[in-house]
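Student: Same order as they appear, the protein sequences are chains A and B.
Numbering (the UniProt record's numbering) for the first sequence: 1 to 100.
Numbering (the UniProt record's numbering) for the second sequence: 1 to 491.
Calculated from the structure, these hints are not laboratory results.
Note that the coordinates shown come from a computational prediction; the quantities given were computed from them, not determined experimentally.
Among the hints, a few may not be true.
Calculated from the model, a selection of chain B residues having no Cβ within reach of chain A, i.e. all distances over 10 Å [stated by the list, open to error]: (1) 4; (2) 99; (3) 149; (4) 198.
So, partial list: chain B residues that the calculated Cβ filter (under 8 Å) puts toward chain A [to be verified]: (5) 155; (6) 163; (7) 170; (8) 177; (9) 184; (10) 364; (11) 379; (12) 428.
Every residue, glycine too, gets a C-beta built ideally from N, C-alpha and C.
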Amino acid sequence: MIPLSAYVAVSAVLFATGLLGVLIRRNFIIVLMSVEIMLNAATINLVAFSHYLEAMQGQIVALFIIAIAAGEAAIGLAIIIVVFRGKISTNVDEMNLLKW
Amino acid sequence: MTFPLQDLLTILPELIVIGTACLILALDPILEATKKDVLAWLTLGALAMCIGLTSSQMTGRVSAFSGMVVIDAYAAFWKLLLYIVTGLTVLLSLAYLKAERLSIGEYYGFILLALAGMMVMVSGADLLTIYLGTELMSLSLYVMAGLKRTEARSLEASAKYFVLGAFSSGVLLYGISLLFGLAGSTGLSAIAAAITAHGTGDPLLSLALVLLAVGFGFKMAVVPFHMWTPDVYQGAPTSVTAFMAVASKAASFGAFLRVFVEGLGAASADWSVLFTVVCLATLALGNLVAIVQTNIKRMLAYSSIAHAGYALIGVVVAGGHSGEGASTGFASVLLYIAIYSFMTLGAFALVGMLRKEGQESDQIEDYAGLAKREPLAAFFMLVFLVSLAGIPPTAGFIGKFYIFMAAVNGGMTWLAIVAVIFAAISAFYYLRIVMVMYMREAEGSIATHSRLETSPALSLVLACALAGVVLLGLFPNGLWSLASQAAPLLK
Numbered sequence: 001m002i003p004l005s006a007y008v009a010v011s012a013v014l015f016a017t018g019l020l021g022v023l024i025r026r027n028f029i030i031v032l033m034s035v036e037i038m039l040n041a042a043t044i045n046l047v048a049f050s051h052y053l054e055a056m057q058g059q060i061v062a063l064f065i066i067a068i069a070a071g072e073a074a075i076g077l078a079i080i081i082v083v084f085r086g087k088i089s090t091n092v093d094e095m096n097l098l099k100w
Numbered sequence: 001m002t003f004p005l006q007d008l009l010t011i012l013p014e015l016i017v018i019g020t021a022c023l024i025l026a027l028d029p030i031l032e033a034t035k036k037d038v039l040a041w042l043t044l045g046a047l048a049m050c051i052g053l054t055s056s057q058m059t060g061r062v063s064a065f066s067g068m069v070v071i072d073a074y075a076a077f078w079k080l081l082l083y084i085v086t087g088l089t090v091l092l093s094l095a096y097l098k099a100e101r102l103s104i105g106e107y108y109g110f111i112l113l114a115l116a117g118m119m120v121m122v123s124g125a126d127l128l129t130i131y132l133g134t135e136l137m138s139l140s141l142y143v144m145a146g147l148k149r150t151e152a153r154s155l156e157a158s159a160k161y162f163v164l165g166a167f168s169s170g171v172l173l174y175g176i177s178l179l180f181g182l183a184g185s186t187g188l189s190a191i192a193a194a195i196t197a198h199g200t201g202d203p204l205l206s207l208a209l210v211l212l213a214v215g216f217g218f219k220m221a222v223v224p225f226h227m228w229t230p231d232v233y234q235g236a237p238t239s240v241t242a243f244m245a246v247a248s249k250a251a252s253f254g255a256f257l258r259v260f261v262e263g264l265g266a267a268s269a270d271w272s273v274l275f276t277v278v279c280l281a282t283l284a285l286g287n288l289v290a291i292v293q294t295n296i297k298r299m300l301a302y303s304s305i306a307h308a309g310y311a312l313i314g315v316v317v318a319g320g321h322s323g324e325g326a327s328t329g330f331a332s333v334l335l336y337i338a339i340y341s342f343m344t345l346g347a348f349a350l351v352g353m354l355r356k357e358g359q360e361s362d363q364i365e366d367y368a369g370l371a372k373r374e375p376l377a378a379f380f381m382l383v384f385l386v387s388l389a390g391i392p393p394t395a396g397f398i399g400k401f402y403i404f405m406a407a408v409n410g411g412m413t414w415l416a417i418v419a420v421i422f423a424a425i426s427a428f429y430y431l432r433i434v435m436v437m438y439m440r441e442a443e444g445s446i447a448t449h450s451r452l453e454t455s456p457a458l459s460l461v462l463a464c465a466l467a468g469v470v471l472l473g474l475f476p477n478g479l480w481s482l483a484s485q486a487a488p489l490l491k
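Please take these sequences and the hints and turn them into a complete structure.
Tutor: Right, dumping it as structure tokens:
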């Protein structure tokens with residue numbers, strides 16, 4: 001039997017990967033992928049806790065997150081396409097009409 | 001599992017809003033381009049129905065859908081505020097979209113979908129519903145920020161908003177998953193019970209608390225999670241900026257207070273320390289950086305950051321107290337955000353409609369000599385700016401007064417003094433615009449001067465915002481009793 005701590009550890013590593021990806025990588029699409037990794041880290045947590053605490057609610061929340069992640073990806077990719085057509089680079093650093 | 005009809009009746013306002021949004025999305029393709037105004041009136045009609053329904057839900061506490069949603073005075077207060085600001089935004093959009101020659105029918109559908117998300121946020125009693133509401137609001141706003149598809153700045157704003165918004169949702173969600181691990185449920189009352197049972201020493205709880213604070217901090221635009229605000233507020237179409245600055249901030253504060261009071265109230269000693277730091281940083285950075293801005297939309301963005309800082313004072317004070325002190329602290333936050341909504345919406349309405357050569361004139365120097373060209377517009381701007389600076393007899397003064405009173409009564413006089421100093425600094429950058437409008441002469445030829453593009457809808461928005469600012473400044477008692485009735489109690 002795999003202990004709960006193993007799942008939480010994997011999820012923590014995934015979350016850190018996603019977090020670093022958003023902060024370090026500059027390509028819009030890779031940033032979007034990193035955000036999805038963060039969402040999946042939360043999903044793993046929820047399903048693992050749900051199993052070990054015998055509370056079904058966690059798995060229901062996980063299903064909702066999967067649906068939301070799909071919606072978010074759809075809108076994110078649509079924004080990327082419009083930005084690309086508008087001839088702005090998809091490199092986050094080169095988006096500098098508005099100064100940070 | 002089936003749910004009783006009674007549950008559907010409790011969320012009737014949400015159903016009306018979503019139903020109207022779907023109707024608008026369906027009607028948009030079959031309407032001729034010249035008749036898109038119908039959709040705005042449809043939106044206003046739905047809002048009027050919702051105002052009627054929600055005002056009948058002001059008393060008592062009704063739970064629906066196995067405790068996922070709760071309807072109480074607190075939710076009703078925020079919803080009524082959201083209906084009013086959404087209605088004013090729709091009127092402003094009528095004028096603004098015409099001036100920008102954007103005839104996009106689905107715009108009103110997105111506004112209603114975002115509103116539905118905000119309504120779910122403030123009446124959610126479960127982290128799942130609150131998260132879903134947040135996402136519905138954010139996804140609609142990402143699209144709305146990029147609606148001016150021909151303009152690179154708008155697209156860039158949309159992209160930046162999306163990246164940082166999605167990132168903050170990820171952080172929020174991870175915090176929710178940790179809280180679920182602690183409590184075995186995402187219900188706010190179950191989480192509160194688990195924290196009382198286990199105590200607040202758990203490091204996992206502290207981590208979850210910080211992650212939730214970061215997630216909500218992004219949505220409320222408080223320092224250090226504010227960096228998206230100026231860019232997005234500047235780049236987005238101004239009617240959308242007004243909607244984001246007012247409605248999304250109000251809804252985020254609503255959900256934030258609900259989660260931290262009803263769910264994490266037992267750990268209030270921990271989070272009030274955390275938010276003291278955030279509050280001070282927000283006040284300092286928002287007010288100081290606003291001074292150096294040359295673009296009025298950016299300046300108003302930093303001003304909206306600073307105002308979130310003032311509202312946080314009430315949260316900090318209430319968190320350090322229980323009973324009477326806590327409820328006046330929270331009530332002052334509710335009052336502050338309501339007042340902030342009117343003055344900010346009014347200011348953005350003017351910014352959007354002051355135009356030259358078919359373009360929005362959003363540079364502060366465009367306001368030179370406005371008092372001579374457009375005396376009425378300059379006077380309205382004067383009132384909104386004076387109110388934002390918190391000078392009596394306007395509503396902005398009343399908002400700050402109640403916040404500072406709560407701080408003094410809560411034994412945090414030093415915080416009130418710091419905030420007063422920053423309010424004095426803020427008067428500098430607000431009154432600088434007044435000075436530019438009234439004392440500087442416009443340069444260049446008359447054709448290049450900015451003028452106000454008037455329309456009946458815009459006049460109505462400005463009149464409502466002005467009435468809000470002036471009347472709430474003179475007679476704040478009604479709103480104050482409403483806010484104290486609605487304020488959540490820290491157990």
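Student: Indicate, hint by hint, whether the structure satisfies it.
Tutor: Right, here's what the structure says about each hint:
The claim that residue 4(B) lies off the interface holds: its Cβ sits roughly 20 Å from the closest Cβ of chain A, which is beyond the 10 Å cut-off. Every Cβ of chain A is farther than 10 Å from the Cβ of residue 99(B); the closest lies at roughly 22 Å, confirming the non-interface assignment. At roughly 6 Å from the closest C-beta of chain A, the C-beta of residue 149(B) falls inside 10 Å, breaking its exclusion from the interface. Distance check on residue 198(B): its Cβ is at least 13 Å (rounded) from any Cβ of chain A, clearing the 10 Å threshold; non-interface status holds.
For residue 155(B), the suggested interface contact is upheld, since its CB lies about 5 Å from the closest CB of chain A, less than 8 Å. Given hint, residue 163(B) at the interface with chain A, holds; its Cβ is 6 Å from that chain's nearest Cβ, closer than 8 Å. A distance limit of 8 Å between C-beta atoms decides the matter here; for residue 170(B) the minimum to chain A is near 3 Å, and the interface restraint holds. Because the closest C-beta pair between residue 177(B) and chain A is about 4 Å apart, less than 8 Å, the hint holds.
Because the smallest distance between the Cβ of residue 184(B) and any Cβ of chain A comes to about 4 Å, under 8 Å, the interface hint for this residue holds. The criterion of a C-beta within 8 Å of any C-beta in chain A is not met by residue 364(B), whose closest approach is roughly 16 Å, and the hint is violated. With a cut of 8 Å, the hint placing residue 379(B) at the interface with chain A is violated, because the nearest CB-to-CB distance is about 31 Å. At about 22 Å, the closest approach between the beta carbon of residue 428(B) and any beta carbon in chain A exceeds 8 Å, and the interface hint on this residue is violated.
Hint compliance for this structure: hints 3, 10, 11, 12 are broken, all remaining hints hold.
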